[in-house]
Amino acid sequence: MILYTARRLAGAAGILLVICALTFAVFYLMPADPAQGACGKACSPERIAQIRATLGLDQPLPTQFAAYVGGIVAGRTYGSLECGFPCLGFSFQTNQPVWDALTSRLPTSVSIAAGAAVLWLLVGCTAGVVAALRRGTVWDRAAMMAALGGVSLPIYLTALLSQYVLVVQLGWLPYPREVALTDDPVGWFQSMLMPWCTLAMLYAGVYARITRSEVLENLGRDYVRTARAKGLPEVTVVRRHALRPALMPVVTIFGMDLGALLGGALITESVYGLPGVGKLAADAINSSDQPVILGVTLFAAAFVVLANVAVDLVYALLDPRVRTA
Amino acid sequence: MSLLETTDLVKRYPVRHRLTRRRIGEVSAVDGVSLGVERGETLGLVGESGCGKSTVGRLLTRLDTPTSGQVRFEGRDLGPLSEDELRPVRRDLQIVFQDPFSSLNPRHTVRQLLSAPFRYQGLEPTEPVEDLLKRVGLKPEHASRYPHEFSGGQAQRIGIARALALRPKVVVCDEPVSALDVSVQAQILNLLRDLQDELGLSYVFIAHDLGAVRQVSTRVAVMYLGVVVETADRDALFGHAAHPYTHALLSAVPVPDPDLERGRERIVLRGDPPSPLNPPSGCRFRTRCPKAAEVCAAERPVLREIAPGHLVACHFPEERTP
Amino acid sequence: MTTVAVPVVAVPVAGPLRRLLRQPSAAVALAVVVLLVLMAVAAPLLVWTSPTDFDSAAVDPALGGLPRGALGGISAEHPLGVEPVSGRDVLARIVHGARVSLLIAVLATAVSVVVGTALGLAAGFFGGVVDAVVGRVMDLLMSFPSLIFMIALISAVPGANRELLLVLVLGGFGWPYVGRIVRGQAMVLARGEFVAAARALGAPRRALLLREVLPNLTAPVLVVATMSIPGYIATEAGLSFLGVGVRPPTPSWGQMIASAVPWYAADPAYFLIPGGFLFATVLAFNVLGDAVRDVLDPRSVRR
Amino acid sequence: MTLLSVRGLTVEFASGVRAVDGLDLDVEAGRVLGVVGESGSGKSVTSLAVLGLLRDARVSGAIEFAGQDLLSLPPRALRALRGDRMAMVFQDPLSCLNPYYPVAFQIAEAYRAHRRASRRAAHALAVRMLERVGIPEAERRARSYPHEFSGGMRQRVMIAMALCLEPDLLVADEPTTALDVTVQAQVLDLLRDLRERSGTAIMLITHDMGVVAGLADDVVVMHGGRRVEAGPVREVFHSPATAYTRGLLECVPRVDGPLPHRLPTVEVP
Amino acid sequence: QGGSGEAVRGGTLHVLASTDLEHLDPARNYVTSSQNVARLIYRTLTTVAPKPGQAGGEIVPDLATDTGKPSDGAKTWTFTLKDGVKFEDGQPITSRDVKYGVERSFAPDLPEGAPYARMWLEGGENYKGPYENPEGLASVQTPDDKTIVFHLNRPVADFGSAASLPLFAPVPREQDTGVGYDGRPVSSGPYKIEKFEPKKRLELVRNVHWDPKTDDVRKGLPDRVVLELNLDPAVVDQRLVAGQGEDAEALAMEPIGAATVGRVVNDPALKNRLVSGESINTRFLTLNTRRAPLDNVKVRQAIAYALDKDALRTVRGGPIAGDLATTLLPPVLAGYAADDQFPSPDGKGDVAKARALLAEAGLAQGFPVTLDAPSTPGGKAQGEAVQAALARVGITVTINAISPSAFYSTIANTAQIHDMAIDGWTPDWAGPSTYLPLIFDSRLITSEGNNNHSQYHSDAVNKRLDEIAALSDPAAAATAYGELSRQIARDVPVVPFLWDKAAILVGPKVAGAYGHIAYVGRVDLATVGLRK
Ligand SMILES: Nc1ncnc2c1ncn2[C@@H]1O[C@H](COP(=O)(O)OP(=O)(O)OP(=O)(O)O)[C@@H](O)[C@H]1O
Ligand SMILES: Nc1ncnc2c1ncn2[C@@H]1O[C@H](COP(=O)(O)OP(=O)(O)OP(=O)(O)O)[C@@H](O)[C@H]1O
Ligand SMILES: [Mg+2]
Ligand SMILES: [Mg+2]
Ligand code: NI
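Line order of the protein sequences matches chains X, B, A, U and W. By our numbering, the letter at position 93 of the first sequence is numbered 98, and the numbering carries on one by one without gaps. By our numbering, the letter at position 66 of the second sequence is numbered 73, and the numbering carries on one by one without gaps. By our numbering, the letter at position 109 of the third sequence is numbered 807, and the numbering carries on one by one without gaps. By our numbering, the letter at position 129 of the fourth sequence is numbered 228, and the numbering carries on one by one without gaps. By our numbering, the letter at position 120 of the fifth sequence is numbered 356, and the numbering carries on one by one without gaps.
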């Protein structure tokens, strides 16, 4: 198992390396010249050339790429500038190592993702189970229609609408802003509530549908019939024999969704103006801050890839058939 | 020279871990099987689940490539042939599967299914689809239907018609009646018998149902965990089984007669067949054999002829009581 | 002899479309989709106003370009109101925007279905190295933070035809989801007995792939196709929302919503109208996709 | 004494399929009733109806078990009977065991549903039951998961689970069909042995006339949801009253006796 | 206006910014909003007067006792530092610190700053900054701790004005962290940095070593100044409209968006909280004079007639966003002279005249052009307004949206700029000397980093620019620039459309806020405070 984990992690690193290379290549194609960008309003060609040399932009692409990957592993320097391990690049627009920018924004993204995840799991799975148990009833249909509606609502629309209604019209909530949980728990909760609900609305629908179909599928399984034949109370039958196995695919998808979300809820953070990793990415894209885009892409991909590995391992832990195979 | 024969046929499948996809071992599905089928005869192949019967069937029709050993058809080794070179051979060598529905493409009509053999062989159809249907007891107007519109028995008839379209010399029937109801089973067994009489076919009849094997076979081979433990003419095998396993097998089949069934001397074997992942050393049956001795663990018994045409792989075969 | 033929049960197999229409929600969804498609196709005939003409009389510069009149300037001349500042007709932009959205979504679906089916089929059928390579590529694409990367990629080639680029990028990142399903199905089918039967008959590989396996993939492929259209509509709108969609002044729903962001408090109609259209469209396609799956997917039929 | 008495049982599914149509049958205490018939003749549906496990189906007629009318019993009372006084063994032991729990847990669960017992005591009982159905090293194997057992062992686990509360009636739906003949012989032996020791009545559902011949005292032959014939095994087998039963008996190729060139086929009543 | 009541000492002032502070490092700080913030942190030799309107253009002493003494025909400039000026650690500020600060602006590692030191100081072309040439630049002399002398390579009449730029702020050599200095410049002004998270937040607290007696400009009223950066502009507007909680003590960094105008104009209470500041910025449409058919002056004149200035202003918020521009130099800049060479009713354009001019040029059927615009919502909207206006005369405009950070470097690249660009110019201080010479002198055209975006070439204009530069009287020079601008306007290298005004919303507790022309109408942070 340890060996397997190591092998998966190595594979994950491989995937990240390829993603890194591809992203790097795309930036090379980008017309915006970081040196020109860094040079600003009054800039002579000589000065641009100087900056280019400092950034290593005059080197051939493979050399630049090697330097970049080397930086991630061991840190590097840009001219007189130190960029310590793990150096995901250095933003000349914010004068900050990309790593610092990412880590300073991670708490916001984690706050959003974690809270939303709790919410959507609670709402989605409950609705899914209820719908499955009351199959064909009004409850079922209403839950599934609501789920489809939630899935169909573009997130920026939900965000704008909730902000318009809850903040502008009703004034029930303040404008979301960055608040540390440790500084002001109430403010944190108030600020995060809308982003959580917005994200949860999108995902809860998906989870309700998955949970419903999995519970239904498991309810039709022979071992559920066995459980009933044993005379178990229906609650136990559902909980132990239909829900538990149904949660396996939910766990799988949850791991991946969470992994993707930790890499920044791009639109949510942008719409609410919350300085998370996603907003960092959006801003960086708007201002063509290539080192940051590259860094965020890698960072987000790392979460996805690691989530994949984690999901497989968790799966192995949860499913005795895999565990002992 | 047999029409279709195998020598020392071996097939191993790698086994992978469910999660890590690492190779964690090998199933030795078939381990040194030598068989022969003569013109016009039916070789019955019996054994318990997982003993390698289907694998032999797939190897005989070259749907799988043997790990080692030979499959010869009319004296020609099929091993080194490419798919293109095999194509003409396949006209003479057909297969009927267990589950009639999964062996018929659900998206093709009966007409398409029954003209496929000619199309794939690049031949002009020699026999109209309607005639093929009639031969297996179906109506010509069935030609435009899809498989799901048939009952199991009817679908199996279509499978048989398809196998026979090219007028093969040998048909491997891999449990052709196991999925069918008893009453339908009888119809299909009768059909196979009729077709053999009419067309002079040879069959390799794979089944775990000893009664069915007895009904259609002229010779029978008994397999246990990838090896053939006994072969004999039908009557010899059912009358004078020499291998303890064959004995146990025969005695385990319940007979639909309350008096006979209750009074019968039964040999109930202990335990289950071992896993083909790591088969026992020496004689593979020794772990369940009532006669097992030390030599059985040490030495693998080879097939010996104990009477003309009666071969047994056992250190302590039953005495033949005439 | 006394054989009794087992009577063949004549299963009344209603056509898939009929079964689909029997569900009221699916029928409504289909009607909405058909209407939308008609609207998109007949856009120039439907609205005479150009989606790019400014109408400075319809807005009040002293109020920062707020549309004159209630509800975002709804009037006989502008049935759905006008865009703040420019006074462009919202209905005209909605109708022309539908064209862009639908066209891109349908083409992206086509790209992902064709590529996904081809590669998934190859991977599932041949297994081994092909499967390993295709599998890796799919893993890779699915690990990409695709939204970020798509934006970066699209902004990296500013000169290219945006519509085409969007189709390629959406399809390029979307095919693994088709490919994964097709691969799984193809793998099961390739090991199935009817493929073995065809091989035993001497069928060449091409025939196995195209005649035996492929026809059995139509149902799952059709299901993923219908289910992915709404996703592409939403993603295209999302990209336009983030400013990397189709180029102005070509209207697009996502863009309209994006430009409504600063106005959401002052002129809520301006984001509610395109937002409502987007929601209705995506919902209709989702409901339809769901119904198509119910009709075609044997798993859900079984329940 | 009649333990289970079924009268005019009719089961109709929502789809309109009438799977069982006015069936009568009786299981005597301590005796084995064989129920035979072709696929689709309604055997399984009957067994599920008896245990009240059918959902989405209209069940009518009368099912009387130990003097109680099961059809009019409230769900709670029915549940209390189920697993306790009447238990069931199904055909496919792999799919009938939950892959996520160790086998002992699943046996103990059945026990704890009806008797107050500590976890530990229930587990000990489960181990005893496993020993009783002939699982070697029961103490160790108790913590294994279903997939770690072979088919025959799994069916033994199912039987242990059904018998842990010493029910009056065991409904066994094709308990050996998924098994190999040698393993089938073991399981049949086990059932025979258990009946002799505990006196549990068994309703044995099968399509294999040989199995009925070996184990059953009485037999009911079903076709199309109706009873074609019923009576003591010996009577029915030696002198079947209907051509259908005779056909069923004769169309199966046997390992002994004469060999016809062609097999007789069944005539539907 | 600007919040009633008296501003008092104390409290926390919040500044809500929808943009980022580009650079705080004095060697790199070259954006008005950053300069406005930087004035809270560090002092320069001179600075702009803290007054509303045109008076804000006046240069006053800051660290120095006066605005500089020219000698040698304005080729040598001498400044004397005030007594008692200290860094945040209590160390006195010396002339060496100022010299070091100027030298840093030569370092290639610290790009982006104003170019004047590099352009004007003798020997500057070979100097690479203190990191590579630690021996320093000989043309900046510090005879004693208080005196600093600059030797220039040409006469510069308003070097005293240039000395108000951040690169003339003192930097203690021992505390220079190179590139990292951007995140934590050492304070010499009333506030020092407590916490700075780029693109998120800047928190300033009092610098106890700043002595108000040495500073006639800054008031340093609030105890703390907190800037929230990179907010959504609509959210900033909404928060200030609501003006609740902390937001009562907040002011916006940027003008209100068009969507808020209606709300503010119709609400007297809000209108009372609106600070309207004039600006030295002029917005114009740059026409690339090297690309056909825009190389034809008739075509350019046609575009000048066709342009709908009013629509462009509506995009920016309507009349509140400024006045329609008719000249290059805005009215608040010295040298402005009223003029309108391409008049049209309400600034909506004169389509008939434009068509006639196009017909003269043989392009009556129109032609296609590509317009470079920033990919911001505003940029795109302006692009679409140009598109719609020029469509009226048959000119089809394709918008090339460029990411905002790359926008200026792209149009400053002569190979990358297309036919037209949404453009504008803010002089570096409130005088015309950093306007026309920088953007219309054809001899300054470079392939990259070019400021003459229209690539306008006129030998007559070049000659005149040299003559004006040689004038030692700033007032005479201003008048001359004004006259020259009319001459340039006839050639239409650019079409001015808006003289910016900034309408800025402040919270109900903010007092003493006014828009400063040098900070393009933004609230002067150095003097604003909170009410009781
Ligand atoms: N493709 C394969 N990969 C791995 N193992 C295989 C494969 N095919 C067969 N096996 C294994 O080889 C052994 C023999 O299988 P085979 O299908 O030949 O048995 P069988 O006698 O036909 O059984 P049954 O009566 O159940 O059909 C089994 O253990 C099976 O699990
Ligand atoms: N849930 C259900 N809904 C509709 N029809 C059903 C359902 N369950 C069973 N049936 C139908 O009822 C009939 C009897 O089925 P049942 O399972 O009792 O047969 P069986 O005798 O047990 O057959 P087998 O030997 O194949 O197990 C069949 O025609 C079957 O299709
Ligand atoms: Mg088999
Ligand atoms: Mg059954
Ligand atoms: Ni007959």
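Keep in mind that a hint or two might mislead.
[Said to hold, decoys possible] Partial pick of chain A residues on the chain X-facing surface, computed with a CB cut under 10 angstroms:
1. Leu733
2. Met737
3. Ala740
4. Ser773
5. Gly826
6. Val828
7. Pro843
8. Val855
9. Asn859
10. Leu863
11. Thr924
12. Phe969
13. Gly974
14. Val980
Derived from the structure by calculation, the hints contain no laboratory data. Where a beta carbon is used, it is the ideal one built from N, C-alpha and C, also for glycine.
What hints, given by number in increasing order, does this structure fail?
1, 2, 3, 4, 5, 6, 9, 10, 11
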